[in-house]
Amino acid sequence: MTISDQELLKLQMECTMFFENNPYAYETAKGLAKKLGRGIEPLQIVLNRLAAISILDKRGEGNMAIYSYKTPYTQSEVEIH
Amino acid sequence: MIEKSWAMDVKKTVEEIQHTYAEFTRLSILIVDGEGRPLVKPSSYHPFFQKLTEADGETRKRFWQEVSHYAGLTRPAICDLWLPGVKFIIAPFKSPAGDAVYYVVAGVLIESGTKEMLEEEVGRAGLYEEGQKLLLDLVLEAEELSGEEADVWREKIGKLAETAERILRSAYRETYVRERLVELRGVLATSRRERSSVEGAFEQFVNVSGGADLIGYAEKIGQGEYRIGRAAGEGAEGLQDAEFREGEGFLGQAALSDGPMQWTDIQRDPRALFLKQRGIGDFYGLRCFPVRVGGEQLGILFIIGKRKVQIDPLLRDFEDLLIALVSEYIASGAVEARMERQIQRLRPLMEVTRFMISAQNTQRIMFMLVDMSLSLVWNPSSAIIVHESSNGQKVQIVSRGIANDFAEQYARDVAKRVMRENPVHSPGFELSQTEEGQLMIEYPIVYAGKTRGVLAVSLSSEQEAEECREVLLALATMGSIILQSVHDQQQLGLQNERFLRLMYTSAKLGTADQGKNSDLSLRLLDEYARYGGTTPEEAALLQRTSMLSVLDDAARRELHEAFAGELVVLKEHQTMVDSEGKTGNFSYSRPAQLLRTALYFAALDEETAGRLHLTGVSPELFNHFRKFMAVRHTVQSEVVLSDGAAASFNPAEAEERGIDAIVKEFGLSKREKEVLELVVRASSNKDIAAKLFISEHTVKNHLTNIFNKMSVSDRAQAIARVFNRGIG
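The listed protein sequences correspond, in order, to chains A and B.
Here the first sequence is numbered in our numbering, starting from 1 and rising by one per residue.
Here the second sequence is numbered in our numbering, starting from 1 and rising by one per residue.
These are calculated hints, taken from the structure and not from any lab test.
Keep in mind that this is a model prediction, so the values were computed, not measured.
Yeah, the Cβ is synthetic: ideal placement off N, Cα and C, and Gly gets one too.
Warning: the hint list may mix true and false statements.
Pair by pair, the computed Cβ-Cβ distance ranges are [what the hints assert, rightly or not]: (1) 277/B / 34/A: 31 to 37 Å; (2) 686/B / 76/A: 30 to 36 Å; (3) 76/A / 561/B: 29 to 35 Å; (4) 586/B / 79/A: 48 to 54 Å; (5) 490/B / 66/A: 32 to 38 Å; (6) 433/B / 7/A: 34 to 40 Å; (7) 724/B / 34/A: 44 to 50 Å.
Pulled out of the complex, with its shape left as it was, chain A reads as follows:
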């Protein structure tokens, strides 16, 4: 893993935490870059990665794509037989 990969992973964690803390946020990469004070290019990579692993929802493509948190499947009352 190169250093930039490590940076990406760190950014991925940061983005995940941002969306977990703001589950109703709808952000473009540009908007999020401004909020987090990060470069747009690595952010684009990370956001697409998070969308690929279903942590984020992605609507639209390119610069206009809007990302939002995809709440995981939750079930609170599962009977154990």
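Given the coordinates of chain A, assemble chain B onto it according to the supplied hints.
Leaving out everything else, chain B in the frame of chain A:
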């Protein structure tokens, strides 16, 4: 090669020994290489060899042809050269590199009583002029020997050959082998530098090795699967990215072995087909070295020799040792890279920990554990966390990437297998396979003395499990610790709350009016939460604060540590009460505003809400609460009239029922229903526009349509109609 590296002093030594033997045996001696070239100056007891070396090329060539008739000799022998009866001792010995045969040639021996006859024979032999002259001189100068004497000299010359072989080999090792070892050591240095990427070392090795034409490394890429990633030498391009399975061909067999393996003379062996088909062609031998860490096979280093080559055993041993060391470097490089990847994944975990600690909410921590575990594995596909519910009888699950029904089925299985049957785990992990064949790595979430959950992540292979297990263990352990902290906080909170209720009950006995108001405020806050005005957590905090408001200062001081947050809100509330009616810029927290409003309404006669605002309380919040109070009052009256079941009445449910009835009765569209829901929850046009992502103008249009359909003139009437339908 021997000429190049043979040191002068070694030549001198051999020459001296050769001279001694010549003096002793009274024979001329010549030591030649496999091509007939003299290695040292001949010892000429007779001038024969001296003359031979000075003779023209033709004569030397013919003499060598005579000697080479005996090329197959393995022991010293007395041989006839040129003429029967003209005898030389020819003693073969191995060249220093072991790849050719050298000779000691000694002569001339003439049997007793044959000299005269030989002189005549030379004349009749019909040799060319110079050869005949040389041979005649040789015969004339030679001493006649008996058969026994000749045999003794044969043995002596044999000893000379052995001695020469030892000295030359020793010199060879001292010089040539040392040079090669230095070159090979360069390979080692490159390997050490490059670690897991050893292309440079491979190239170097092929260049300096005695018997290797190609060297390559096949890396294990999955269960029983290997891929050739790096290779150097003749035909290396064809092997790039070639894949094979355990047991397939020679390489596949080597993959099943713990130690080095070697095959030779395998040109026709069908197991060589895999390599042949990839452009290697026929080859003579293959050596394989496993690259292992502990018991785990990481790959195979292999060397292909295309031809049979005789190389010095010392060099061969050194090469094997070197390759074993290169294997170690590759293994340690791979371990280092694996560690580095894990460390790089551990670092961001520290950041995550800080956030998780601040979460203090079991479900949010579960979300984080699932999301983070997906970020930490190499090939993420799914993750699930199963956690016992608050009563311990059921489980709650949070999952991603797994079908919902499968998630529930898996949760039941893992709950029984890990949490019920084995409730006390030490931190660690287990690998399991689902019925669908999915490999899962499972980490027990252990806190408060038992296993209370399981974090499970799906993996693509056992190798991936190997690489991710430590970092996931760190995440699961961290999750356990944080859940333990949440659990402790909750337990402490419960105890504190019980204690607070006890104090509250005692305190209100002495202040009947205040106690009554406070009881009402508790009920109002509870109902307001169900109405949707606050979250349950907010309501709980406000209720605790409300109870604290009944206590005197001394009691509050006692409880300061347990209810620090609540006391801050209470203090704010007091400031708000004190500043009521005053003008200025006031800014208070939402809980303080809520408490002020709830206590205000609780203190009023329930049917009259005198003020239209409270100092420091936002108009939206105040109006929302007022609306709630109005609805609550209407509902309670209606319920009392109908069946007296006020206690079981839920305003939120009434609202939902009412909206459904209105939608059905007046044919509201889906969007109009959404707008009406927000109107009922006291949202302004601006709020509605923001929540539904539409303009305020569009909201107004929707409202006009809704009012027309419902035949009402404003939102107050619309709200009243909703609740009337809801309780009807």
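Cross-check of the supplied hints:
1. 277/B / 34/A: 31 to 37 Å: 57 Å, violated
2. 686/B / 76/A: 30 to 36 Å: With a Cβ separation near 35 Å, residue 686/B and residue 76/A satisfy 30 to 36 Å, so the hint holds.
3. 76/A / 561/B: 29 to 35 Å: With Cβ atoms ~32 Å apart, the hint holds.
4. 586/B / 79/A: 48 to 54 Å: 51 Å, holds
5. 490/B / 66/A: 32 to 38 Å: Roughly 37 Å apart at Cβ, these two residues keep to the hinted range, so it holds.
6. 433/B / 7/A: 34 to 40 Å: Hint holds: Cβ distance 35 Å, inside 34 to 40 Å.
7. 724/B / 34/A: 44 to 50 Å: 48 Å, holds
Checked against the numbered hints given earlier, the structure breaks only hint 1 and satisfies all the rest.
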